[in-house]
Structures are given as structure tokens and as C-alpha cells.
Amino acid sequence: MLTIDQATHDAIVAHARRDHPDEACGVVAGANGSDLATRHIPMLNAAMSPTFYEFDSGDLFRLYREMDERDEEPVIVYHSHTATQAYPSRTDINLAQEPGAHYVLVSTRECGNGDGPFEFRSYRIIDGDVTEEQLRVLEAYTDVPRKREVPLPPQAGGTPNPTTSELEQ
Amino acid sequence: MAIEVRIPTILRNFTGGERAVDADGANVGELIDNLESNHEGLKERLIENDEVRRFINIYVNDEDIRFSGGLDATLGGGDTVVILPAVAGGSF
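These protein sequences, in sequence, are chains E and L.
Quick note on numbering: the numbering used here labels position 53 of the first sequence as 58, and the sequence is numbered without any gaps.
Quick note on numbering: the numbering used here labels position 34 of the second sequence as 40, and the sequence is numbered without any gaps.
Check the hints yourself; a few may be wrong.
Footprint (simulated), chain E over chain L, 3 or more residues, beta carbon under 8 Å [to be verified]: (1) 8-18; (2) 59-73; (3) 87-97.
Label-pair restraints from in silico Cβ distances [to be verified]: (4) L:Asn-19 with E:Asp-15: 45 to 51 Å; (5) E:Gly-38 with L:Thr-21: 15 to 21 Å; (6) E:Ser-54 with L:Asp-56: 45 to 51 Å; (7) L:Phe-61 with E:Pro-26: 22 to 28 Å; (8) L:Glu-50 with E:Asp-76: 46 to 52 Å; (9) E:Ala-19 with L:Glu-36: 46 to 52 Å.
Some residues of chain L that are not near chain E, with every Cβ distance over 12 Å (derived) [unchecked claim]: (10) Gly-22; (11) Gly-31; (12) Asp-39; (13) Glu-46; (14) Gly-47; (15) Lys-49; (16) Glu-50; (17) Ile-53; (18) Asp-56; (19) Gly-82.
These are computed hints drawn from the structure, not numbers from a lab.
All residues carry an ideal CB built from backbone N, CA and C; glycine is no exception.
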């Protein structure tokens, strides 16, 4: 399950709408092992394409260095599909290289740059296997950052997530 | 002289979970051969047809080696090598 706060969710959707018809992409970083996506970092799509996205290699380097310095990891890696559904394509699956991340896809095929309907879905992509996961949008995280004592295994399924009440206490 | 090589999460199964390992080489190509001798299988994940794979980025200090000589990019003591898979995808 992906737990995300409403503001971050909305910021990702806004980024996708803004960049339509090109694909938008970015990361939401969080404290190592926390599984809490707290710091939204919209990235430039260096491909500037309606059918492809890629972080610029210099931006990628700086992003990972910054996360490293802050003891963060990419909790969410997101991008938009602007003419197709919010489901990982063959290319997305082949290129997914963050087994610990939640891969979020937003489809703007209906809304375009406007306020219309969108799709927002989350997946684990590990070794070419795609597993869609539940999405839980919270009004806010109330105690952030929150570190787990034991890092999450890089596996989908069976991973304990904090419950809403734990997060809101 | 040992050069620190930072390993991305997805390749840490080749380094026993280590985030960084030491390796030697006068240039990046030699460094990768040296890495391979201690972490078998890693080279194939980085190199294809004697070039860095399209969706792998290798940096010496903070520079992508695509812009500084590729596998011939020279290395010296105190340099840090960072390997990062591209973050990329597409709709098809």
C-alpha cells in the first residue's frame, strides 16, 4: 500500500496537468526506511516528450547526492502518461531500477491541462513483475519524519505499513 | 590507489549489500574490470558492446563520463565513482 498525504498527491497531479501533453516526472523522497513520502521533487523531463521521460543525468546525480546527505531515499518515483492509462508500459517495466520505490503513474489523457478527471495509481515493479497496490491518501502526516527501526525489505506484499491511527497519533 | 565506487540499491546484490566498495584502475574501464574480479556479474550490468549501457550513468566525482571520455575517463587517488541507473520510462 502507498500512503501519501493529500498535498503531495495534489502536487503530483498538478505537475502532470501542467506538463501535459509531455510526460511529467519526479520523485517524492522520504527518510530511509520510513516508507513515508515527504519531500516532493518535481524533475525536468529531459526527453521533453509525450511518450518518454528521463531525468537529466546531472539532475539525477544532484538528486541522489542530496537524498544521500539527508538520509533519504526515493519513496515514490512518478511519471505521467498523457494519452494512455496509468499503467506501467513495457518500457516502464524494463527500466524500473528502484525495487524499494512505489511507482506512481498519473494519466492526464482525459483532463489534459485542465481540471477534468485523472487517474492516479501506484505499483511495485520488481524484476519485471508489476504489482498494483492500494492507495491511501491522508489529510496530512502528523509526525514526520518517522523512522522505522528495521528497514523495509525491497519487496511488495506482506510489508507492514503504519496504520492511519499510528500516523495520526 | 583505491577509488571509492558507490553502488546503487539495485546492484548491491553484487556487493553483499555494500553501498560503496573500493576498486582500482587508471581509467573507468579498468576500474570496472577490477570491480568485476571481486563482484562477478557486475560488469555485464554496466557495459554492453564495450560501452556504458544506455540506461546506466557513471560519474567520476560529479561528472557524467559520457561527457569526459567514457570508459577512458582517467581516475586518480581521491576520486569517487558513482553509478546510478537512469530514471526513465515511456508510454509504450
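Against the structure, the hints come out as follows:
For the segment 8-18 of chain L, the assignment as covered by chain E holds, since 3 residues bring a beta-carbon within under 8 Å of that chain's beta-carbons and 3 suffice. Counting residues of the segment 59-73 of chain L whose CB lies closer than 8 Å to any CB of chain E gives 6, which reaches the minimum of 3, so the coverage claim holds. Here the segment 87-97 of chain L counts 9 residues with a CB under 8 Å from a CB of chain E, which clears the bar of 3, and the coverage holds. A beta carbon spacing of about 37 Å between Asn-19 of chain L and Asp-15 of chain E contradicts the range 45 to 51 Å that was offered as a hint.
For Gly-38 of chain E and Thr-21 of chain L, the Cβ-Cβ distance of about 19 Å falls inside the hinted range of 15 to 21 Å, so the restraint holds. Checked against the given bound of 45 to 51 Å, the beta carbons of Ser-54 of chain E and Asp-56 of chain L, roughly 28 Å apart, lie outside it. At about 24 Å, the CB distance of Phe-61 of chain L to Pro-26 of chain E agrees with the hint of 22 to 28 Å. In this structure the hint that Glu-50 of chain L and Asp-76 of chain E lie 46 to 52 Å apart at CB is violated, the actual value being about 31 Å.
The supplied range of 46 to 52 Å is met by Ala-19 of chain E and Glu-36 of chain L, whose beta-carbon atoms lie about 47 Å from each other. Even its closest Cβ contact with chain E, about 15 Å, leaves Gly-22 of chain L beyond 12 Å, as expected for a residue assigned away from the interface. Distance to chain E confirms Gly-31 of chain L as a non-interface residue, since its nearest Cβ pair spans about 20 Å, more than 12 Å. Non-interface call for Asp-39 of chain L relative to chain E: holds, since the shortest CB-CB distance, roughly 23 Å, exceeds 12 Å.
With a minimum CB-CB distance of about 19 Å to chain E, Glu-46 of chain L clears the 12 Å threshold, and the non-interface call stands. Once the 12 Å rule is applied to beta carbons, Gly-47 of chain L is consistent with being away from chain E; the minimum gap is 15 Å. Interface exclusion of Lys-49 of chain L from chain E stands, the closest Cβ pair being 17 Å apart, more than 12 Å. Distance check on Glu-50 of chain L: its Cβ is at least 15 Å (rounded) from any Cβ of chain E, clearing the 12 Å threshold; non-interface status holds.
Every Cβ of chain E is farther than 12 Å from the Cβ of Ile-53 of chain L; the closest lies at roughly 16 Å, confirming the non-interface assignment. Non-interface status of Asp-56 of chain L relative to chain E is upheld: no Cβ of that chain comes within 12 Å, the nearest being about 20 Å off. With a minimum CB-CB distance of about 19 Å to chain E, Gly-82 of chain L clears the 12 Å threshold, and the non-interface call stands.
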